[in-house]
Every structure is written in C-alpha cells, then in structure tokens.
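S.K.: Single-letter residue listing:
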Amino acid sequence: MILMPQKEFEVNRGIVEISGKIKKLEAGQGVKSSESQALVAEPEKCSPAGSFDVNSSTADEQVAESFIRQAMEIIVDEAVKKATNVQEKVCEWHSPEQLKKLLDLELRDGGEAESEILQRCRDAIRYSVKTSHPRFFNQLYAGMEPYSMVASFIAEAVKTNLYTYEVAPVFTLMEDAVLRKMIKVIGWEEGGDGIFNPGGSLSNMYAVNLARYRYCPDFKEVGMFSAPRLVILTSQECHYSISKGAALMGIGTKNVYTVPTDERGRMIPSALEEKIMLAKSEGAVPFMVNATAGTTVLGAFDPIDEIADICEKHNLWLHVDACWGGAAIMSKKHKHLLKGIHRVDSVAWNPHKMLMASLQCSAFLVRDKTSLLQHCHSARASYLFQQDKFYDVSYDTGDKSVQCSRKPDAFKFWLMWKALGSRELEQRVDRALAMARYLAEEIKKREGFRLVLEPEYANVCFWYLPPSMRNLPESPELWKKLHTVAPVVKQRMMKKGSMMVGYQPLGEKANFFRMVVISPQVSRQDLDFVLNEIHNLGKDL
Amino acid sequence: MFHRVSVEADLCLLRFIHLLMHVRADKRPLFLRDLNEPLIDHAEGQFFLNEAFKIIMEEVLSNGTDIKQKVCEWKEPEELALLLDLGVRETGEPRDKLLQRVRDVAKYSIKTSHPHFFNQQYGGVDYHSLAGRFLTEALNTNLFTYEVAPVFVLMENEVLRGLRQLVGWTEGDGIFCPGGSTSNMYAMNLARYQRFPQVKSQGVWALPRLSIFTSPESHYSVKKSAAFLGIGLDNVIFVKVDDRGRMIPEDLDEKIELSKSQDAVPFLVSCTSGTTVQGGFDPLEHIADICDKHKLWMHVDACWGGSVLFSKKHRHLMKGVDRANSVAWNPHKMLVAGLQCSALLLKDTTNLLKQCHSANATYLFQQDKFYDVNLDIGDKSVQCSRKVDCLKLWLMWKAVGSTGLEERVDKAFIHARYLVEQMKKREGFQLLSMVISYILHKPDFVNVCFWFVPPSLRGKEGTEDYQEKLAKVAPVIKERMMKQGTMMVGYQPLGNKVNFFRVTVFSPLLSQKDMDFFLDEIERLGKDL
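For the record, the sequence lines run as chains P and Y.
All residue numbers for the first sequence refer to the numbering used here, where the first residue is 1 and numbers rise by one.
All residue numbers for the second sequence refer to the numbering used here, where the first residue is 1 and numbers rise by one.
No wet-lab data here; the hints were simulated from the structure.
All C-beta atoms, glycine included, are put in the ideal place defined by N, C-alpha and C.
Each hint should be verified, as a subset may be incorrect.
Said to hold, decoys possible - FRET-style restraints, in silico, Cβ to Cβ:
hint : chain 1 : residue 1 : chain 2 : residue 2 : range
1    : Y       : 240       : P       : 98        : 19 to 25 Å
2    : Y       : 250       : P       : 285       : 15 to 21 Å
3    : Y       : 355       : P       : 109       : 45 to 51 Å
4    : P       : 283       : Y       : 240       : 41 to 47 Å
5    : P       : 281       : Y       : 36        : 23 to 29 Å
6    : P       : 487       : Y       : 250       : 55 to 61 Å
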C-alpha cells in the first residue's frame, strides 16, 4: 500500500520505472509480490533522486526496451517465420481442459518475472492457430501480408484514437485517402463518403441505419414505436449480420424478408419484386435491399444491375455487402461480377479478407454527398468536437461513427497498397481465382470428390465420399451418411495439425467442405495436398 | 539477429529471395501463370518488418516518450496531406520509400504515450501490454470459435472472470467490445431484450414506448445507442446532477414516475462511474434501490472510472456496483492496456447475451463439432470478425499483478490531488467545481477541470463581457501548445460554463515534475491574453 506520508517520494518517480527496478531485482527469482510491495512502500531503499526520474533513468528505459526487443524476436521467429512455414503444424490441438492447464491463465496479486512473461508469449503463439500458414483455409481470411502487419504494429505503438484531426492528423487524412480511392474503384463518379468499422457486420448495420434515416430522419429523435413496420429485403444466402442488425436496431428478424436464390445462390430479381409487393400488401414499408457480392459459403454474386433497377422503381436504398467479394473489383478480368455497383447507395467491403490486410480492416462506403453519415450518427459531444478549434473541423470525422474510440484501420490497407500497387493487388485476386479454378478441375478429376457447384469466385464447395460410400445409390441414406464425414475429417485434420478447412450444411445439402484460396503463398502443391490429405484422413469412413 | 527456425525454413527463404529478385528485375506478372510457386516473398517482408521495428523502437517508443521531444508536430491538413503523399498508385514502391513513410507516420502522429499528452483518457505506455498487442497483430486471430482461437477463447473468459470478481460477482457473463460505446449499446439491447424478448424477432412495433434514464454528464454513446436501437433520443431522459456531476437519486425517482405517467415504459438506468469531463461517480447504491423499486435494468458505464475497483482505497467510489446488471469497463483507459480493450460484464447467468445476439450461423457455429461448442463464444457478439483484445490486458496483469495495477490507480489519485493543491497556490487557476466541494473535498477522481484566468482578466469577474472573454482563452492556449508541440490538453464548455480545461492524470510515466511543467506551461502560453 502507498502511505500518504511518503507521498513526496512516491510521486517523484513514474511507476514504470519502479516496476523496471523490481523486475531487475527479481530477475530469475520468480514472483514475490511481498517484495515488490515492500519496495514501493519503503522509498528510502531506492533513492528518490535521479535514478527514478523519468528524465534521466536510462537504465530502466533499457529494461523496457530489452523486453520489447526480446518479445519482438519471439514474435518474428515463432509467429511470423515459423507460422508461415509449410513444414510446421497449422494448429496444435488440445482440449479446453488441457489447454487451460498449459496456459496457467489465472490472474494473481503479484506480478511475474520477465522470463516468465516471455514464456507466456511463446505459449500463446504455440497453441494458437496459425492463420497465416499456407494450409489454413478455414475462414475468409488467411495468409500473412507483411506490410499490413507492419502497419498494424505501428498503429499499436503510436496508439492513435481516430476521433479528430487534432489527435489523429496522419490517420484522419489516410482514412480519407483510402476511402476516396475505394470509392473511385467502385466507380462513383461524383464521390461519396465512408468510414472504417470494426468488422463488416457493423458496416452492414450502418447501411441499415442510413437507409432508415433517409426514409425518415425523425426516427433518430422519436424512435420507431409509432412508425409503420419497416422491412429489409435480402437473399437467403446473405450474411447473418443483416438479421443481427435488424434485431439490434429494433426492426426485428421477422422483418427481414428473405428472397429465394437460384441454384448458384444468387438472388432472383423477380422474386425480390414479389417480396416487395408482398410487404407492401401487408401494409409494411420496405425501405432497403441488401445484395451480396460474394456470399459466405458459396461465393455467389447477386445480380446488382437488375436489383438496382427494382430499387430505383420502388425507391429503396440498395446496399451491397461486398465484404468478401469486393476484392474482385480490383481485377479487370473479374470486376464484371459486381456489374452495376456504381448505381448502389452503399457498399461494405473488407480489405482484411481477400486482399489480406490485417484484421480488422472493414470499409463502409456511401454514395451520398449530403453528410448523411454525420447527420445520422452524430451526437456533437462538446468535449471532443469543439467548434471553436483553430483548424477546419470538417476534418474531425469521429462523429460519423457510433463508436467513440476507433482504431486507425485504414492505415493497414494504405501501407500495403503503397507497397504493392493496385497492379499487384489485381494479380493476387486473379491468382486466387485461378487457384480456385484449378482446385475445382482437380476435384472433378478425382474419384470420391464431388463439387457442390462450379465456383464463380474463390469459394470451392465439395463433398468427399469415402470409398465405402462411392457405390451406394443416390438416396437419403447416402446423404445422411455423407453428412457425418466432414466433421470427422475435420476433427482428424485438427488433431493432426496438418491443415484447416471449414465445413457446413446448407439448406437441404449435407455437410460439405468449403475451401477458400486467398494467400499468394499458396501454390498448386498445397491444393493437391489438401485433396490428398482429405482422402487420407477419411478413406476408412 | 534472429534465430533460424530450421534448415528447411532457410531454404524456403533463399527460394523467396530468388523469386524476389525475379520480381524486381522485371515487373511482369510472371507468377500469375505459374501457379506452382508462391507469389509472395516473405524474405522481403521480414526484412521490412525488421527495419520498421527499428523505427518503431527509436521514433515511437524512445523519442515518443521523451519529455525533451515534442508531443506533436503540427501541420495544416493540406500541408500534411502533401507531405504524406497519400495517393496509392498502380505500381508499388521500393523499400526505402516505404520505410520513409513509416518514419513520416511516426513523426507526424501525436505522441499519445508522451508524458505531456493529457488530451484524452488514454495515454502513457505499458510495455507488457504493448508486447501483447504486437503478438495479437502477428497472430491475426479472429475470435469466433474455440476452433480458430483456442488460446484467446479461454483467456478472454479468464480475464472477464478477473474483472467480474473485482465488481463483486462470482458468476456471470461478458464479452470484449470494440470500444465502450458498443458495450453501452449492448447493455441497452440486453436490458430491452430481457424485458421484451419479442423485440428480437418483431422489432419495437411489438413494444410500448420505452424510456431510458441517465445523467446529462453521461457519455454520448447512451444517446447514440438509443438512436441506433430505434428507441430515439427523445426517450433518453436526463436526470439532474449535483455540482460535481453526480446523478441525484431523488430526481431519478421523480423522472421515472413522470415517464410512467406519460405512458412510457422505463426499462434502463445508465449510471456513470467516472464521467468524461468532471470524473463524477453516480451514487450507485442509491440508484440500485430505485432500480429495485421500479424493476429496471441497472447499467454502469464505468469505462473511465472502473479501474478504481483495483484500489482498496478508492473502490468505495463505486460502492453498490455489485447490484448492477451490467458494467462497461475500458482497461485501455486508466490501466493503459492499449486501444482497444473494452469489457462488458454481466451478472446474468441465464445466457442472455447469447440468446439476445445469436443468429446460429451454420457455417461458423456447427453443432456437430468434436468439442464443447459452448466455447464458441462468437455468437454472443453482434460482430462477426472480432479482434482479440484480452491478451494485452492479460499479459500486463500477469506481469505486474493486481497489486501493481492498484499502485497505478493510487498513484494517479495522488497526482491529481497534487495538481489541485498546486493550482490553489498559483494565481489565475480557477477550479471548475469551485467553492465548497473542492475546499472541503479532494477531487473525486483524476479529472481536474479548471479555467486559466490570464492576468488581464483577473479581478474582473463581475464585468459584463468577462465570460465571453474567458471562453476565448482555452482555444488560444490550445492552439499555441499544439503549434509549439509542447503538450496537449483538452478543453470544452459544459452547460452554462464556458470553455475550461480538463486534464486527466494517470499515465504510469508521469511524475510530479510533469504536473509542475503542465502548470508552468499553461501560464507561459496564456500570460499575455
């Protein structure tokens, strides 16, 4: 405990220096909290003059610096080099109970010595899944993008909060530059507005909120209690954030009307129109359509142009969830997948997925020049957004967000874009889709593998039939049996640590694998490996 | 400098370097056709990482915390945009140029870890937490499921448990959110869902008009959330505060009754522990009685003040917090865990959070997995991708222990009190929460709000345009400090009080000398006004 009479001594030194001193004294001795307490409570032990002063205590600065250097060495060796080495495991499976013991998670009164803390860093890396490993295909992000990673390190070190130009001059301008460029790529000739969010789900929710605000700005003040029932239209294959958003925003999941899709998972425009008419006939007010560019499971692209026609006709806000598929717009060859996107009202696009920026990097873009985002979200807090500042306060973008603290995520995309140029980003997208094409062709050639559908994007969905099932007639029993295969193969690959691939059922379809190829580190050999490995892991089933 | 992992890895690196030289020699998309080889060159990436790390160490961590260096390097937006050369182009840039960009970012960014950065409620640096943040970024983990985030699912659980224990709950639930505003929003949604579960599927049309109670000094996220959730700003009812910014319980009771009489259904009281500007703590025990009486959800926004729970000496400020239903607490503020580290803590043991937020996506939350799928916590969030925010706090907590964190909190109070004492000794510093409270009491928390009255205005308090003139002082001093780069501190008006400074002191790097510097500097910058 700190005792008041010793205040004079106490406050003349920073606590960091004290802990540095403690660390030095305790090095190699393990934890003794009583000692560290004693050290703090009895300042006469350590002279208050000079050595504890922030200005001149180089010794303690060295302790901190040496710790960070050692930690960084571990990170580079274990979490960067080893994690991307194909010879190493993707994951080291342990049951939750075992892992809890291995990690010794409990938080105690006393601190630990530096060597122990460094070991904890090693453990955290060892038992974490290596998402940058070339055999990690489990999610819609993968691979390591060194420039983006460096940017995220810098962002962590400078610790900037993106509220105002005052505290975030560099990142305010950078976010603006990246958003402008993305808007240009999308093709909104008159420009627009936007913001980076903590994930694509939030971006989709922002779209719902803006659409609602445009429909009736009064909802912001009075709420929706006496408003007509609002309806959102989206495809049945859309991301679940649309219904999470509807629940959170007081619209309700039942008021998300799902539009049927074709055999490839794309929204059927005529069915959309029918649903709009249905909602209207019920006395409800349809106010927005969410189209998906790159659905999560199948990688399908809703026909934006046709949907835009319908939205124009009915005066509905058209949002495109291009979190996953937005990257295709970087490619001359594949941008046709998003044809019509220049006509939509808003777009969610996550460079942290296909373009491999570090998590999180999610842009929300809106084709509006009337400051709708600001009007819709602002609260004009006088402690943050003072209007009598000495610079142009239109640079203070924080009030466009529903967050207060916000991380400078655009920088992670900016630095890699600077390093690689648009051309290399384009190459990567082209390559990922070429890889997906290759995988699909291999699947068609191989016995026991069956495509769920021809890939349109980087998602390749397929079943694996173990030899015992290959000659069975097509029947509900076969599908029932097949349904159990993927979970077992998944369990085995994780326990072995050889790779990670996701699986899921979809509608009536039994569990199938979904491969997504993203990382430019992945080559054909890795894809061949995946198919061989699935066979090896599942052939006895 | 770095240890070699294995011979294979070395061969890999050599191969990458070889490939790299190819790329640089002729910028053709040679590998596009050649799907048999990796496209990326990690050797170049790793070299860049090493070089960038040197810059981080020198420019950001060493110079950025050195009081002899500037806090900021002010440039007008237009000028800075040119200096940074923001445009992205068709082709990439060479290494040297990129490293220069890293240096520029370091140079022109505000040094938020600098001891003279008093501008916001985050600041300072903790090296253990920083190591945790670097590690988090390198692992690039997404916190959906035990499958992809085994370490962090367990760790988040443990950290939340540790925080809940300090609140006084042996059981409960919780989640890390991207900022305290989101935590407050979650609390609002949970309170609504608990009372009216049908809102999830049917929307607010199935509900009566709802009302929320909070103080006018509460964080603006309460208002933002009410708008976002379809409840509306008009249904946020402001309860009167005393002269230190604390909610008056009697007025709360009256306002609740009034709202009921106007056919609204009160459902939530959002209290604040540590208001943003004044650092006021609402009297939780009293408010809890009223919430009990009216059966309302009690949320405590302790984003800023929650850290007092570590201190035996100061935790009384939050007496009664254990009676709340939910608490939002940002260890990235006073505990210096690094942005973002925002926990929402819940007393609930009925899985309310998951029921309220879940969408049961089959591609992510498969039920036929080979482990206990209760560990797949992602569906408790309204996010899908979610960053790992627990590691930085966990590592720091492990390193310094609860006792070390307690010391930091206690020390911050000592600094704040020292600052107030010094202000009373100096001419021209006028404390906001004047007269009786500051003479009898010490400041509640580590916010110190004050006007600087320049010599020309001293003794003219009664004059006609005094307030108008005083309002102009803080913006000018602020402009001068930023242009000179000597320090940063925030100012704002509040209610009928004209622009005043708010300084928050809590960085573990701070010493008493920095407090003296702060006061000297305000005097220096404002003496001619």
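S.K.: A separate judgement is required for each hint: does it hold in the structure or not?
M.R.: Taking the hints in turn, this is what the structure says about them:
1. Y:240 <-> P:98: 19 to 25 Å: Hint violated: Cβ distance 55 Å, outside 19 to 25 Å.
2. Y:250 <-> P:285: 15 to 21 Å: violated, 43 Å
3. Y:355 <-> P:109: 45 to 51 Å: Violated - the Cβ-Cβ distance for residue 355 (chain Y) and residue 109 (chain P), about 36 Å, lies outside 45 to 51 Å.
4. P:283 <-> Y:240: 41 to 47 Å: Check passed, 42 Å falls within 41 to 47 Å.
5. P:281 <-> Y:36: 23 to 29 Å: violated, 58 Å
6. P:487 <-> Y:250: 55 to 61 Å: For residue 250 (chain Y) against residue 487 (chain P), whose Cβ atoms are near 59 Å apart, the range 55 to 61 Å holds.
In this structure, the hints that do not hold are numbers 1, 2, 3 and 5, in rising order.
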